[in-house]
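We have chain X; now place chains Y and Z onto it with these hints.
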Amino acid sequence: MSTVAIPGALAAPQARAPSFLSRVFRNYYVGRLVKALVTVYLVVTISFVVIHLMPGSPVEVYIYNLISLYGIPYNDAKQQAAALFGVNVDAPMLQQYAQYLGQLLRGHLGNSLLSPGTSVASVLLAYLPWTLFSVGLALFISFILGVTLGMLMAYRRESALDHVLSFMGSVFHSIPNYVLGILLILVLGIQLNVINIASMRGSFSPGVVPGVNVYFFLDALRHASLPIATYVLTTIGSWMLTMKSSTTATLGEDYVTVARARGLGDWRIMTAYVGRNAIIPLVTQLAISAGFVVGGSILIETLFVYQGIGYLLNSAIAQRDYTVMQGIFLVIIVSVIVANLLADLLYGKIDPRVRIQSGSGG
Amino acid sequence: MIIRNSGPDIILSVRDLSIEYATDRGTFRAVRGATFDLHRGESLALIGESGSGKTTLGLALVRLLPRAARIAKGSIAYYQGGKPQDVLAFSDQHLRHFRWEECAMVFQGAQNSLNPVLTIRSQFADTVRAHHRWRGREIERRAAELLEMVQLDPERVLRSFPHELSGGMRQRVLIAMSLLLQPEVLILDEPTTALDILTQRAIIEVLRQLKQQLHFATIFVSHDLSLAAELADRVATMYAGRIVELGPVDDIFYRPAHPYTAALLDAVPTVLGGEEQLISIPGSPPDLRTLPTGCPFHPRCSFAIDRCREDDVPDEAVSDRQQVACIRWRDVRRDRRQPAPAKSLAGRIAAQ
Amino acid sequence: MAATLTATREQPVRRLWRQATDGIRSTLSVLSYNKVGLVAAWVLAVIVIISFGAPLVVQEPSPDYANIYASPSAAHLLGTDFQGADVFSQVLRGGQTVILVGLVAAAASTFISVVFGALAAYVGGWVNTIITGLADVVLTIPSFPLLVVLAAYLRLNSPILLALLIAAFGWPTLLLAVRGQVLSLKERDYVEAARSLDLGTPHIMFREILPNMRAYLAMYFVLSMTNAIYAQVGLYLLGFAPLAGDNWGIMLNLAWYRGAIFYKNSFWYIMAPIVAISVLQLTMVTMTRSLEEAFNPRLRKAG
Numbered sequence: 002m003s004t005v006a007i008p009g010a011l012a013a014p015q016a017r018a019p020s021f022l023s024r025v026f027r028n029y030y031v032g033r034l035v036k037a038l039v040t041v042y043l044v045v046t047i048s049f050v051v052i053h054l055m056p057g058s059p060v061e062v063y064i065y066n067l068i069s070l071y072g073i074p075y076n077d078a079k080q081q082a083a084a085l086f087g088v089n090v091d092a093p094m095l096q097q098y099a100q101y102l103g104q105l106l107r108g109h110l111g112n113s114l115l116s117p118g119t120s121v122a123s124v125l126l127a128y129l130p131w132t133l134f135s136v137g138l139a140l141f142i143s144f145i146l147g148v149t150l151g152m153l154m155a156y157r158r159e160s161a162l163d164h165v166l167s168f169m170g171s172v173f174h175s176i177p178n179y180v181l182g183i184l185l186i187l188v189l190g191i192q193l194n195v196i197n198i199a200s201m202r203g204s205f206s207p208g209v210v211p212g213v214n215v216y217f218f219l220d221a222l223r224h225a226s227l228p229i230a231t232y233v234l235t236t237i238g239s240w241m242l243t244m245k246s247s248t249t250a251t252l253g254e255d256y257v258t259v260a261r262a263r264g265l266g267d268w269r270i271m272t273a274y275v276g277r278n279a280i281i282p283l284v285t286q287l288a289i290s291a292g293f294v295v296g297g298s299i300l301i302e303t304l305f306v307y308q309g310i311g312y313l314l315n316s317a318i319a320q321r322d323y324t325v326m327q328g329i330f331l332v333i334i335v336s337v338i339v340a341n342l343l344a345d346l347l348y349g350k351i352d353p354r355v356r357i358q359s360g361s362g363g
Numbered sequence: 028m029i030i031r032n033s034g035p036d037i038i039l040s041v042r043d044l045s046i047e048y049a050t051d052r053g054t055f056r057a058v059r060g061a062t063f064d065l066h067r068g069e070s071l072a073l074i075g076e077s078g079s080g081k082t083t084l085g086l087a088l089v090r091l092l093p094r095a096a097r098i099a100k101g102s103i104a105y106y107q108g109g110k111p112q113d114v115l116a117f118s119d120q121h122l123r124h125f126r127w128e129e130c131a132m133v134f135q136g137a138q139n140s141l142n143p144v145l146t147i148r149s150q151f152a153d154t155v156r157a158h159h160r161w162r163g164r165e166i167e168r169r170a171a172e173l174l175e176m177v178q179l180d181p182e183r184v185l186r187s188f189p190h191e192l193s194g195g196m197r198q199r200v201l202i203a204m205s206l207l208l209q210p211e212v213l214i215l216d217e218p219t220t221a222l223d224i225l226t227q228r229a230i231i232e233v234l235r236q237l238k239q240q241l242h243f244a245t246i247f248v249s250h251d252l253s254l255a256a257e258l259a260d261r262v263a264t265m266y267a268g269r270i271v272e273l274g275p276v277d278d279i280f281y282r283p284a285h286p287y288t289a290a291l292l293d294a295v296p297t298v299l300g301g302e303e304q305l306i307s308i309p310g311s312p313p314d315l316r317t318l319p320t321g322c323p324f325h326p327r328c329s330f331a332i333d334r335c336r337e338d339d340v341p342d343e344a345v346s347d348r349q350q351v352a353c354i355r356w357r358d359v360r361r362d363r364r365q366p367a368p369a370k371s372l373a374g375r376i377a378a379q
Numbered sequence: 112m113a114a115t116l117t118a119t120r121e122q123p124v125r126r127l128w129r130q131a132t133d134g135i136r137s138t139l140s141v142l143s144y145n146k147v148g149l150v151a152a153w154v155l156a157v158i159v160i161i162s163f164g165a166p167l168v169v170q171e172p173s174p175d176y177a178n179i180y181a182s183p184s185a186a187h188l189l190g191t192d193f194q195g196a197d198v199f200s201q202v203l204r205g206g207q208t209v210i211l212v213g214l215v216a217a218a219a220s221t222f223i224s225v226v227f228g229a230l231a232a233y234v235g236g237w238v239n240t241i242i243t244g245l246a247d248v249v250l251t252i253p254s255f256p257l258l259v260v261l262a263a264y265l266r267l268n269s270p271i272l273l274a275l276l277i278a279a280f281g282w283p284t285l286l287l288a289v290r291g292q293v294l295s296l297k298e299r300d301y302v303e304a305a306r307s308l309d310l311g312t313p314h315i316m317f318r319e320i321l322p323n324m325r326a327y328l329a330m331y332f333v334l335s336m337t338n339a340i341y342a343q344v345g346l347y348l349l350g351f352a353p354l355a356g357d358n359w360g361i362m363l364n365l366a367w368y369r370g371a372i373f374y375k376n377s378f379w380y381i382m383a384p385i386v387a388i389s390v391l392q393l394t395m396v397t398m399t400r401s402l403e404e405a406f407n408p409r410l411r412k413a414g
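Chains as they are written, first to last, in the numbering used here: chain X, 2 to 363; chain Y, 28 to 379; chain Z, 112 to 414.
If we strip away everything but chain X, and leave its shape as in the complex, we get (with noise of 0.2 Å):
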């Protein structure tokens, strides 16, 4: 280092520039994503775990059929078992766990264990769509509806239209949801006989060939028309009671006074001041709940004889197929993380407040 005094101004110190590492771990959604596959990796294991701890598998069973029906001596019964069903029974847990986990980095979610030679993954992609219709479409009603009732509540505070509403939200969130399935189907179903119960069993009437077609479209729709009234009015409440605090504190707000001094109009002032600020809590929410309503969705199927997801791993139990549970947690534990994490993007989106937060970095 000179010792030459430098003229004019003292050099400033130089900053160490943050290596390259840090800065990836410090990026926001490095984070984010980093936190995401612990989660997966965490719920696959523990459900593998926890599946595999349980006492008596197909597997066994099929084993142990193989010996006392047909005679075959248990080491040749475990062979045929083994090629049946492509798991290794003798391995001792640990190996069968790194053999899943390398399955399912290549794509595989093994075989179904009641049906041999179906794959998991065609068994999934069979039952996950009507899930995903009904509860899509009961969550995108639930919150439209929801949403507008709430701000209508907010600005008719103190109105009977307000308490009946409270007071209605507050009852049907209250009753567990599968309690006003069976309600329904009891009234509309039985005592009132305004619907044919019978015709509504399952995702799709028998004859009727899948495909984009309205034809389907409708009887698709008909057929969750009950599950979904049932998700719409149990969730509606919370909708309607959040938004109407939301919207009420935001018609405090000093910027929705000066629009009104601006002579700005009261639709616009309704939308675009109002209702654009004070949705913002609840879009993350709509994300997040979207996650959760997947998995909730077994009591509901299994009322409705519904074949979602839901209805998929209600029997899966019943019958101890644990590769399909294994399919079933994982896509669970994906769909809400996706779920979270659109959420997060969609909040970036629409509240720019945050966006430069999170664009630069920790």
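Watch out, some of these pointers could steer you wrong.
What the hints assert, rightly or not - According to the in silico footprint, chain Y covers these stretches of chain X (three or more CB under 8 Å from chain Y):
(1) 164-170
(2) 333-342
As the list claims (entries may be wrong) - Take a look, some chain X residues computed to stay more than 10 Å from chain Y by CB distance:
(3) Leu38
(4) Glu61
(5) Ala127
(6) Leu146
(7) Phe217
(8) Ala230
(9) Gly266
(10) Asn278
(11) Ile281
(12) Val284
(13) Thr285
Hints in this document: simulated from the structure, not taken from any laboratory. Given the structure is predicted, the values throughout are model-derived calculations rather than measurements. C-beta atoms are modelled at their ideal positions from N, C-alpha and C, and glycine is treated no differently.
Then chains Y and Z, alone, in the frame of chain X:
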């Protein structure tokens, strides 16, 4: 109203305005019997402590009082083309036209006065579209012109969101926006409070220039006397909802007639230094629900006599341009004719 | 002399009792702010009393196969079920397990949340990181499917076990809230004062910080109970919780799977548990709402 109308160019005329708030702890009388005229192109300063009713008065002029407030009596007349219109009787549509096109208001604390999710450009556009059908280019041009007048860079500001601008910048954006439709009257509520000194000066300069260029009438609502000194043509001081003195700025500052005005002037400390004590007004502002009888200022007034406690105080004319609500105004004035060396603001400035 | 010295320290048990009763009393007084909340609280009290008192006096109804699905009469106020047993007595006796499981689950969950949340906030460092990370993960896992799997394969012969299982999933929300609160209160003056007086961590935790969270804890506890009851009855309905006994969840399951909704006379057999469960949940949700309103002034009525 004591002072005769000083000319045909009156733009706003307030008579005996009284505003009450209903709360579950009693009825607040926020403004009582306010009466004044505003002339075209004139700047009127409404000075008072917090709770004096000045903000309420400002809000009433554009009829933006909160739901709990009620105009108990009085009138507000806006003169358009020489003819008075009853602002309190405006239909919703007429009110929407009146607001911002004729009379604009810049609120206290611009921090949250702009919609956080819309760009500044969009908000300018909103303002225009609510009143006229200008084309986008026209809006852009006008907005840029005004932003330059308030010393902001239109390029940068128009595409920003409110949170990307500093407090001072937002205040200036609001001022620019308020002049977008060329109103005749601009009401500014505490335009410089909550801003740092440098920004305050900038805003004051901006306001002064704008006034020179665009000739609109202004009502400043503030507690800051120095603001009035710099920008106002006339000053009205308010206390406990009542206008206690009204007159040209020089008369108010050099020859105040109300004890409250005088005390306010005396309470202003000076940068010039010196060893005088800070003189503050003893006591505190009254509770507006339980006002004392007679003159509301009497508990804190050094000129108070028995009559002050008993009767309501009428307005008295000090000259043909100045009025006061005090029966002892002559004594107040006499007292000030020989100001102690460093006592009056004017004296200090004159001593420079 | 010794007697007067020891008189200044209150016995810990008495102190806990006093705090508990204070807490209940203040919660009730807060509730009375909102009439609806008070009504809900009273109804809940009645339900609890009946549910815990009835099993002591009302006998388990015995089957009477000659009298299946009888319509309501003086002897059988709500008719009989698929075995001919009296429905009304089943309703009276059915609440005990359901409420008990709810209580235990909520208590366990609250306990875990408070202890570990406060710990994480107070100790900080890697303890904090681990606990928070775990909470985030458990929060993301969809609990009901996992609960179903676990319930299906574990032998849950006691309702307490079921309660604990449910609690194992419910704690993250409160834990994160407690942690947040403790973090913010940690820096407050009175905590600083206590710390400088060297009063010890447990003291600070229990005497200074937690009492401030009383309201939130009460709300969360009740909410937690509703979630536990939802999960519990759901498990019974699907058949994954042991079907021994005659609580409302089991009634629901049996009524549903025996097709009680299809017969005119069995209407009350299916409606009874529906109404009972719904009313129970409704009272608790209403109480939570009114507690929330009382503590959050913005939600109160205008003006």
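- Hey, does isoleucine 281 of chain X actually stay past 10 Å from chain Y on C-beta? Isoleucine 281 of chain X is in fact no farther than 10 Å from some Cβ atom of chain Y, at 8 Å.
- Check the non-interface label on threonine 285 of chain X: least C-beta distance to chain Y beyond 10 Å or not. With a cut-off of 10 Å, threonine 285 of chain X remains clear of chain Y, as the shortest Cβ separation is near 15 Å.
- Within the assertion that chain Y covers the segment 333-342 of chain X, do at least three residues meet a Cβ-to-Cβ distance smaller than 8 Å? Violated: only 0 residues of the segment 333-342 of chain X have a Cβ under 8 Å from chain Y.
- Query: Holds or violated: is the Cβ of leucine 146 of chain X farther than 10 Å from all Cβ atoms of chain Y?
  - Reply: Label holds. Min Cβ-Cβ 23 Å, cutoff 10 Å.
- Item | Outside-interface status for alanine 230 of chain X - nearest CB in chain Y farther than 10 Å | Nearest chain Y Cβ is 34 Å from alanine 230 of chain X, so the label holds.
- Item | Exclusion check [phenylalanine 217 of chain X not at the chain Y interface, CB over 10 Å] | Non-interface label on phenylalanine 217 of chain X holds, nearest chain Y Cβ at 41 Å vs cutoff 10 Å.
- Quick one: see if chain Y covers the segment 164-170 of chain X, three-plus residues with Cβ-Cβ under 8 Å. Since 0 is below three, the answer is violated.
- Check on asparagine 278 of chain X being off the interface with chain Y, judged by Cβ distance over 10 Å: 6 Å, violated
- Query: When you look at the beta carbon of alanine 127 of chain X, is every beta carbon of chain Y farther off than 10 Å?
  - Reply: 43 Å, holds
- Taking the shortest Cβ-to-Cβ distance between valine 284 of chain X and chain Y, state whether it exceeds 10 Å. 12 Å, holds
- Query: Is glycine 266 of chain X truly not at the interface, in the sense that its beta carbon sits beyond 10 Å from all beta carbons of chain Y?
  - Reply: 6 Å, violated
- Non-interface claim for glutamate 61 of chain X versus chain Y (Cβ beyond 10 Å): 60 Å, holds
Going down the numbered hints, you'll see the structure goes against 1, 2, 9, 10, 11, while the others check out.
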